[in-house]
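Trainee: Protein chains in written order, with this note's numbering: chain A, 443 to 997; chain B, 7 to 339.
Worth flagging that the hints you see were computed from the coordinates, not collected in a lab. Built from N, CA and C at the ideal position, the CB exists for glycine as well. There may be inaccurate statements among the hints.
Unchecked claim - Mimicking DSS-like on lysine-lysine, the simulated pairs with C-alpha atoms at most 27 angstroms apart in a straight line are:
id : chain 1 : residue 1 : chain 2 : residue 2
1  : B       : K144      : A       : K864
2  : A       : K750      : A       : K820
3  : A       : K881      : A       : K926
4  : B       : K69       : A       : K861
5  : A       : K844      : B       : K241
6  : A       : K978      : A       : K903
7  : B       : K301      : A       : K905
8  : A       : K863      : B       : K144
9  : A       : K842      : B       : K241
10 : A       : K753      : B       : K144
11 : A       : K808      : B       : K144
12 : A       : K750      : B       : K65
13 : A       : K936      : A       : K905
14 : A       : K936      : B       : K241
15 : B       : K241      : A       : K820
To be verified - In silico negatives: residues of chain A with every beta carbon more than 10 angstroms from chain B:
id : residue
16 : G540
17 : L614
18 : A633
19 : F809
20 : T895
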Amino acid sequence: MKKIPFTLISGLTLLSSIILFGYLGPIFVDISNYEVASVMPSQPPSSELIFGSDSQGRDMLSVTIYSIPQTIKIAIIAGFFGIFIGLSLGLLSGYIGGFTDTLIRITSDSLMTVPGIAILIIIATNVDTMTVELMGLTIACIAWMHPTRTIRSQVLTIRENNYIKVARANGLNNFQIIFFEILPNLLPYIAACLVASITGAILATVGLESLGLGTQDDHTLGTTIYWARRYSAILRGQWWWWGPPIAIISLIFVSLFLISLGLDKYSNPKLSTLNSKKRRSGNLENSQKDSPTANVLEISNLTVEFEKEGKRIMALNQISLNISENQIVGLIGESGSGKSTLANAVLSILPENGSVTNGNIIFDNKFVGNLSEQELNKLRASEMALIPQAAMNSLNPVLKIKDQLLDSLVFQEKDSVLKNKKIVHLLNQVGLDGNVADKYPHQLSGGMKQRVTMAMAISHKPKLLIADEPTSALDVVVQKQVMKTLKTIQQNLKCGMIVIGHDLGLITQFCDDVVVLYEGRIVEFGSVEEITQNPKNSYTQHLIDSLPKFDFQNA
Amino acid sequence: MNLNYVLIRFFQSLLIIFIAVTINFVIPRMIPGDPIEAALSTKIAISGTVSVDVEEMAKIYRKKFGLDQPYLVQYVNYLKDLTTFNLGVSLVNFPETVATQLLSALPWTIGLLVVSTIITFLLGTIIGAIIAWPSCPKWFHVLVIPFMLTSTIPFFLLGIILLFLFSVVWAVFPAGGGYSPLLIVDYDLESAIDIAYHAVLPSISLVFGSLGAWVLSMRAMMISVQGDDYILFAKSRGVSPARIFVWYCMRNALLPQFTNLALTLGTVIGGAVLVEIIFSYPGIGSILFAAIAGKDYFVIQGIVYILILSLGVCLFLIDLLYPLIDPRIKYSD
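Could you put together the complete structure from these sequences and hints?
Mentor: Given below as structure tokens:
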């Protein structure tokens, strides 16, 4: 069970105490003095009249208590009607689709483009006597479009989930699916929409009433402000007249704001994950490396843990691995085995909730854990490089390829003519034409994007190159070409290299040695021959067995 | 720029304006009650004349404004009038036309609201970006809290509080109006200073009243962008944090913010009407307030038309500008 956010609790508490003040107030206080000429006019607060009185002789405490339920009533009518219409139409639109969907979408979209306040003004000026109920309904008329949109898009997402398909296969009818499968999952969104609708409704009511378009014959929080303004209570300094309604409206808004922040945790969980502070990684005790070695990378006893909803999950468990110059190591394992975490740990780009809790990474005789963020950045920009897993999304969509390549060259070239030459050279090296530099990422195919990421990775002639599933997003023909290019690059640079993959066939064709990772531990390490001929671990055996046989003959 | 693209967007905006003005035509006719009779009764009640036959007078007025004709004819005339910006005459300030009344008020409204909205947008976007950044200092978060709270209060209520505090209790700013009564408004420094001085409180209430929304939406966008693969890849390449912050995170998070800015500019005239009223600012809002009080039907309709038009124009402008800031959207198709 997730912890209920503090903001949600405090918001709900505040809101319910305001509502209780309005509804239970009449029990403790005599509120019969809300009519004109009940008490002495224009009295500041005193022991007799706690909230003072207005220039028409109304007791402001009575007026305030009387108006809270009125305003709440408008907000609830408007909020609930708006949500009811929005939810029904959103469900219909998202679940049925087709013509119904088109019709609902076009109607709500075109109504949304009409300024809401314009519609409200038209309706309100044309109605003879505005009552509290009518006001609520009027506002509901312009409040249903937004929930319709939100609910529709959520239904579309939920509908694609497997459990809905399972439910349908199990013979549940549409009614059951909507009520037992979809609605429960919509709850956080419905709640968020309801809070937004009620906020909007109160804003609209108070706004219209302050304009003089509201229920002037009755007391609500907005009309009190209207009358205070009409009788220049602000400039006369009669703060007790307009102060209480403004204070209560503000408190209502603050509480609704807190509630919506709290609900974000359920409807938009991503927003609250970035709070945990990152710990400094690595063992600091042995800060000097005794004997320099030829190894580019030495990993010893590396343990990486992630924190998720208060629980600690071990992603890497006591990993030790050395990579020397010109050595290509394949890192293989199923998804979730910690392959990408290892790559990120070496580059010190673990996500905020992950940290190195034990062990060392020594890169080029330097302890990575001891470097400052600045030194790390320099290292990443000049000596190590990553070819990312998701080439489709690994380029900034709003910058030209040229500018992104230049970002990788900051420490290399200063002269702009040389820079441009270097860019063309780099692109040619990965088999791309020089004019790609002036294109945006969306203008390139998946294979071209992958090549661009390779060009970026090799731009500074790294000593260590980590290729994280460099071909996973590509089709088989392009895969072969990309791997070939990668091999040429590695041979030119003579760098140490880690190739991460889950395709044993591809890895064995490409690498010198293979590491098999399973649930965060190394279960097998050896040359390609050793591993394929004589696997020690049953998981490796399993991997080899699942390979189609002709792959080896072609290799 | 592709001419086809411009034309298609232009007609889309026209369609939106058309739908909106049609609603503006239909709703008043669906609701029982006669605005002309109502306006006349108010006028008569104010002047104190009793011996006038309201119904007879209303009939004459209706004939004059063409309201006795079939709806279809009325509708065609209505659209014709709108395209020529012939918005009728004010019933209260007869014979002044609605168009002249609105045109004299529009510069004030646009000046106050557009400037404040742009200030709010810039401030909110920058603050939102900073608080979403993982290495943002704790004190900055604490600093932002009061602004978030003022933003939950509607800006016209904030206006009342500011007006009371800074022109009644501690009278440092004028209590209202767009300029000093004795000033002859001209294009000179004196006028500029005076107008700016009068605009301080209204713009503060607009800025503080809506800052929070911009902060929150920018923060949410920044957080979602920070999880994107291209940020991780840029980090792995040793791109400097400042460069990642501005050109990789903010630049991408700005795209939806920009759409919101255009939409806000389109609706800002409607939303901030109340601020103008509170500060007796000589803009559209004050005219609307007077028109509602006097049931000046044609003025209200004219203002609604202005609201619709400004939203339509802003939507058109976003469509024209969007390809410039998001290369994925092209001027073709």
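Trainee: State for each hint whether it applies.
Mentor: Results of checking the hints against the structure:
The hinted pair formed by B/K144 and A/K864 fails the criterion: a straight-line CA distance of about 42 angstroms is larger than 27 angstroms. As the CA atoms of A/K750 and A/K820 are separated by approximately 31 angstroms, the hinted pair breaks the 27 angstroms bound. Distance restraint check for A/K881 and A/K926: the Cα-Cα separation of roughly 24 angstroms lies within the 27 angstroms cut-off, and the hinted pair is therefore satisfied. At roughly 77 angstroms between alpha-carbon atoms, B/K69 and A/K861 are farther apart than 27 angstroms, so this suggested pair is violated.
Taking the CA atoms of A/K844 and B/K241, the gap is near 17 angstroms; set against the 27 angstroms cutoff, the hint holds. Of the pairs offered as hints, the one joining A/K978 and A/K903 is violated, with about 36 angstroms between alpha carbons and a cut-off of 27 angstroms exceeded. Distance restraint check for B/K301 and A/K905: the Cα-Cα separation of roughly 79 angstroms exceeds the 27 angstroms cut-off, and the hinted pair is therefore not satisfied. This hinted pair does not check out: A/K863 and B/K144 have alpha carbons roughly 45 angstroms apart, beyond 27 angstroms.
A C-alpha spacing of about 18 angstroms is found between A/K842 and B/K241, which places the hinted pair at or below 27 angstroms, so the restraint holds. Under the criterion of a C-alpha separation no larger than 27 angstroms, the hint pairing A/K753 with B/K144 is consistent with the structure, at around 25 angstroms. The suggested pairing of A/K808 with B/K144 is violated, with an alpha-carbon distance near 32 angstroms, which exceeds 27 angstroms. Pair hint A/K750 plus B/K65 does not hold up; C-alpha atoms about 74 angstroms apart against a cutoff of 27 angstroms.
Note on A/K936 and A/K905: the hinted pairing holds, with a Cα-Cα distance of about 8 angstroms set against a maximum of 27 angstroms. Between A/K936 and B/K241 the CA atoms are separated by roughly 24 angstroms; this keeps the pair inside 27 angstroms, and the hint holds. In summary, the hint linking B/K241 to A/K820 is supported, as the alpha carbons are separated by about 11 angstroms, within the 27 angstroms threshold. With 10 angstroms as the threshold on Cβ separation, the claim that A/G540 sits away from chain B holds: the shortest Cβ distance comes to roughly 23 angstroms.
For A/L614, the shortest C-beta to C-beta distance to chain B comes to about 34 angstroms, beyond the 10 angstroms cut-off, and the non-interface label holds. Remark: the non-interface label on A/A633 is consistent with the geometry, its nearest Cβ contact in chain B lying 18 angstroms away (cut-off 10 angstroms). No beta-carbon of chain B comes within 10 angstroms of the beta-carbon of A/F809; the shortest separation is about 18 angstroms. Not every Cβ of chain B is farther than 10 angstroms from the Cβ of A/T895; the closest lies at roughly 7 angstroms, contradicting the non-interface assignment.
Going down the numbered hints, you'll see the structure goes against 1, 2, 4, 6, 7, 8, 11, 12, 20, while the others check out.
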